[in-house]
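Engineer: Top to bottom, those sequences are chains C and U. Note that our numbering has the first sequence beginning at 1, numbered continuously upward. Note that our numbering has the second sequence beginning at 1, numbered continuously upward.
It should be emphasised that the hints constitute simulated quantities derived from the structure, not laboratory data. All values derive from a computational prediction rather than experimental measurement. Ideal Cβ positions, reconstructed from N, Cα and C, are used throughout, including at glycine. There could be a bad hint or two in this list.
[Claimed, not checked] To be clear about the criterion: a stretch of chain C counts as covered by chain U if any three or more of its residues have a C-beta under 8 angstroms from a C-beta of chain U, and this derived list gives those stretches:
hint, region
1, 70-83
2, 110-123
[What the hints assert, rightly or not] Straight line, CA to CA, 25 angstroms or less: simulated DSS-like cross-link-like pairs of lysine-lysine:
hint, chain 1, residue 1, chain 2, residue 2
3, C, K86, C, K37
4, C, K46, C, K30
5, C, K118, C, K86
6, C, K86, U, K163
7, C, K37, C, K195
8, U, K148, U, K163
9, U, K163, C, K118
10, C, K86, C, K195
11, C, K46, U, K148
12, C, K86, U, K148
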Amino acid sequence: MAAEPIIAFDDVSKVFPRADGRGDFTAVDKLSFDIDKGEIVAVLGKTGCGKSTMFNIVAGLIEPTSGQARVIGHDPFRDFDFFRGKIGIVFQGDRLMPWRSALDNVLLGLQILDRNPKQAEEAARAWLTRLGLSGHEHDYPHALSGGMRQRVSIARAFAVDPEILLCDEPFSSLDEMTARDLRAEFVRLVRQNNKTAVFITHQINEAIEIGDRVLVFHHPARIAYEARLAETGREQAHSEIMRVLGTEPTPLS
Amino acid sequence: MSDSRTMRVVQAAASMIVLAAIWQVLSMVFPPFLFPPVPDIIKRTIEVLITGSLLVDVLLTAARIFAGLLGAFLLGGLLALAIGQSRTVENFVTPVLTFFQGIPALSWVVFAIIWFHGIEFRVFFIMVMTTLPAFTFQILDALRSMSKDLFEMTMSFRPSRAKLFRYLIVPTIVPGILTAWKVNLGNAARVVVVAELVGATGGVGYQLLRQQQLFDMAGAMAWTLQLVLFVLVVQQTINAIEAWALRYRAVSERAV
Numbered sequence: 001m002a003a004e005p006i007i008a009f010d011d012v013s014k015v016f017p018r019a020d021g022r023g024d025f026t027a028v029d030k031l032s033f034d035i036d037k038g039e040i041v042a043v044l045g046k047t048g049c050g051k052s053t054m055f056n057i058v059a060g061l062i063e064p065t066s067g068q069a070r071v072i073g074h075d076p077f078r079d080f081d082f083f084r085g086k087i088g089i090v091f092q093g094d095r096l097m098p099w100r101s102a103l104d105n106v107l108l109g110l111q112i113l114d115r116n117p118k119q120a121e122e123a124a125r126a127w128l129t130r131l132g133l134s135g136h137e138h139d140y141p142h143a144l145s146g147g148m149r150q151r152v153s154i155a156r157a158f159a160v161d162p163e164i165l166l167c168d169e170p171f172s173s174l175d176e177m178t179a180r181d182l183r184a185e186f187v188r189l190v191r192q193n194n195k196t197a198v199f200i201t202h203q204i205n206e207a208i209e210i211g212d213r214v215l216v217f218h219h220p221a222r223i224a225y226e227a228r229l230a231e232t233g234r235e236q237a238h239s240e241i242m243r244v245l246g247t248e249p250t251p252l253s
Numbered sequence: 001m002s003d004s005r006t007m008r009v010v011q012a013a014a015s016m017i018v019l020a021a022i023w024q025v026l027s028m029v030f031p032p033f034l035f036p037p038v039p040d041i042i043k044r045t046i047e048v049l050i051t052g053s054l055l056v057d058v059l060l061t062a063a064r065i066f067a068g069l070l071g072a073f074l075l076g077g078l079l080a081l082a083i084g085q086s087r088t089v090e091n092f093v094t095p096v097l098t099f100f101q102g103i104p105a106l107s108w109v110v111f112a113i114i115w116f117h118g119i120e121f122r123v124f125f126i127m128v129m130t131t132l133p134a135f136t137f138q139i140l141d142a143l144r145s146m147s148k149d150l151f152e153m154t155m156s157f158r159p160s161r162a163k164l165f166r167y168l169i170v171p172t173i174v175p176g177i178l179t180a181w182k183v184n185l186g187n188a189a190r191v192v193v194v195a196e197l198v199g200a201t202g203g204v205g206y207q208l209l210r211q212q213q214l215f216d217m218a219g220a221m222a223w224t225l226q227l228v229l230f231v232l233v234v235q236q237t238i239n240a241i242e243a244w245a246l247r248y249r250a251v252s253e254r255a256v
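In isolation and in its complexed conformation, chain C is listed as follows (with noise of 0.2 angstroms):
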């Protein structure tokens, strides 16, 4: 028998009232997807096409407001506090608390599960190392480059050990060398702790470059295209993407 899958959207709809009162709008249509335990998916779409409405309902932050979505075996808004410890959040921006040292950021989700404090202290600075920051552990946010404070929020994200990784366009503010190399350290570290992974970007290469797995949304989102890279193969995954996006060719990476 298959395992049950990690992550399970079962005609998933998300529909929100417009800001000037004038009707709603649909930011996902019936979507439905599996991701199972270990995989790393990539979510690929245009701006507004539904991706954070999706990593919201996943994070348990919004609730559907039609079909089923289950997150190991729970539903993530109405079983809030299941996901203690469980769920790990690598956001757009880096959003450290200003007040805290990077040291003190990487604490945060472990003070908040109850962490015995000296293990807490020696995993999160064991993080920072890992993430080549051995050094600035009492360095405030603002005394740190974006790459940096990109870090620190990963290294938050994984510290508390979590099943899955949720990552919204993590690396999108960064130039694209840095980009690159926290990518690779992104999965590299996915794959050593054996997690499962969301990786939502707007970017094609970046997709393939991290994901087993590449769901291409449409607006409202729902699947457009879905690529298992070690079957399709890079190639042909980044040109059949860039077919459903109707986008401009740009050579694979």
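Given the coordinates of chain C, work out where chain U should sit on it, guided by the hints.
Structural biologist: Just chain U, lined up with the frame of chain C:
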């Protein structure tokens, strides 16, 4: 001390010296009961500070200011939290606070004298009522300026309400609280004197009333300076706390 800080201190001292010089010139032109010489004022000021029975009045006023501000801060903090969580509470409480803001301090003094007997409770009531709206609105503003991004990030770890308060809400509102204390301290110092002037038998306000009855301008200045010195010392203490609590903030080398 850094060069810029030394310069600030020198400039502040220079402005005070200029003010004292102007007063001294006026004391040469007008009779001493209108403008007593600066050395006389300084002598009387020091006398208050080193005479135990007089210093008690200064400390009494200081205690009344602190008690009133603390009461208003705690009540204002609770109100701000309640308003921040409920639109109904906001709709109900905000008009009342705005109405209170329009009531002059002297009216609260009159109300307190009519309603209550005990002097200390009267002063406490006046202090709380005059500073409560400002504390509430300033803490509420600080709460509402909380970053949605940081809120979502913190919520992603599923904190309890107590942990959310400790790790996100308190650090977020600390700058607003410190500003509120600084602003209300000056208001409280003015209001407490009015309250003591009318209804107390001790404190700086009471002593000011006595100096007026004796037509003693040097004494009036000396007691006024006690209050100014008190406010300056507390302001500097709050500034030091602020510098420590907000040490994480980046400081630009270029001034605005």
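Engineer: Next, verify each hint and record whether it holds.
Structural biologist: Hints, verified against the model:
1. 70-83: holds (count 3)
2. 110-123: holds (count 3)
3. C/K86 x C/K37: 13 angstroms, holds
4. C/K46 x C/K30: 18 angstroms, holds
5. C/K118 x C/K86: 21 angstroms, holds
6. C/K86 x U/K163: 18 angstroms, holds
7. C/K37 x C/K195: Cα-Cα ~7 angstroms, so holds.
8. U/K148 x U/K163: 17 angstroms, holds
9. U/K163 x C/K118: 19 angstroms, holds
10. C/K86 x C/K195: Measuring from Cα to Cα gives roughly 11 angstroms; hence the hint holds.
11. C/K46 x U/K148: Holds, because 24 angstroms separates the two Cα atoms, which is no more than 25 angstroms.
12. C/K86 x U/K148: 22 angstroms, holds
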